[in-house]
Amino acid sequence: MTEERPRKKSLHQGRFLEMFELEGWEYVDRIGSSGVVVILAVTDANELVLVEQHRIPVGSRVIELPAGLAGDLPDAEDEDFKEAARRELLEETGYEAENIKFLCEGPPTAGLTSEIQTLLRATGLRKTGPGGGDESEDITVHAIALEELDTWLASAAKRGCLIDPKIYAGLYFLR
Numbered sequence: 001m002t003e004e005r006p007r008k009k010s011l012h013q014g015r016f017l018e019m020f021e022l023e024g025w026e027y028v029d030r031i032g033s034s035g036v037v038v039i040l041a042v043t044d045a046n047e048l049v050l051v052e053q054h055r056i057p058v059g060s061r062v063i064e065l066p067a068g069l070a071g072d073l074p075d076a077e078d079e080d081f082k083e084a085a086r087r088e089l090l091e092e093t094g095y096e097a098e099n100i101k102f103l104c105e106g107p108p109t110a111g112l113t114s115e116i117q118t119l120l121r122a123t124g125l126r127k128t129g130p131g132g133g134d135e136s137e138d139i140t141v142h143a144i145a146l147e148e149l150d151t152w153l154a155s156a157a158k159r160g161c162l163i164d165p166k167i168y169a170g171l172y173f174l175r
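Going by our numbering, the first residue of the sequence shown is number 1, and it counts up by one from there.
These aren't lab readings, by the way, just hints derived from the structure by calculation. Being a predicted model, the structure only gives us computed values, none of them experimental. Ideal Cβ placement from N, Cα and C applies to all residues, glycine included.
Across the chosen pairs, the derived CB separations fall in these ranges: (1) Trp25 x Pro74: 26 to 34 Å; (2) Ala145 x Glu105: 26 to 34 Å; (3) Ile31 x Ala157: 29 to 37 Å; (4) Asp44 x Ile163: 22 to 30 Å; (5) Glu26 x Glu96: 37 to 45 Å.
Here are the computed lysine-lysine pairs in the DSS-like style, where the Cα-Cα straight-line distance is at most 25 Å: (6) Lys101 x Lys82; (7) Lys82 x Lys127; (8) Lys127 x Lys166; (9) Lys166 x Lys82; (10) Lys166 x Lys101; (11) Lys101 x Lys127.
Construct the complete structure from the given sequences, taking the supplied hints into account.
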């Protein structure tokens with residue numbers, strides 16, 4: 001006898017997200033991507049590359065590691081995550097990476113979304129462009145010396161920025 005698995009029910013579909021209900025639990029799936037890449041980019045001068053941008057859902061500027069979607073471009077649904085990381089790093093920060101290394105992956109908010117984020121380390125960086133994101137983004141790029149990072153993040157928080165905890169998780173891999 002085969003046990004029948006519960007079926008998820010679609011509650012709403014927007015341009016970027018679809019909301020589902022399964023066994024009384026509501027959650028969202030991202031539409032049109034295969035995952036999210038988060039980049040721990042460290043320059044040869046031992047600076048951590050961060051981005052700052054206004055995030056509408058939290059109504060604030062947020063300091064984050066560079067990140068973006070994989071497999072979200074037409075005809076690139078099977079995009080390699082390392083290539084997605086290279087593309088997003090260049091687009092958001094203007095840095096090209098000689099080396100990209102997988103660090104870990106996991107759910108950022110397992111109670112809300114099925115999304116899995118992949119953390120990758122980028123080294124051998126060269127600044128080749130301005131960064132700042134695409135036409136829909138307003139990104140400020142920061143390259144902060146690792147020995148000054150704690151003070152810098154505290155200062156950013158004092159001026160009203162939210163600090164993404166993935167920064168602190170990423171620092172684990174720099175020990």
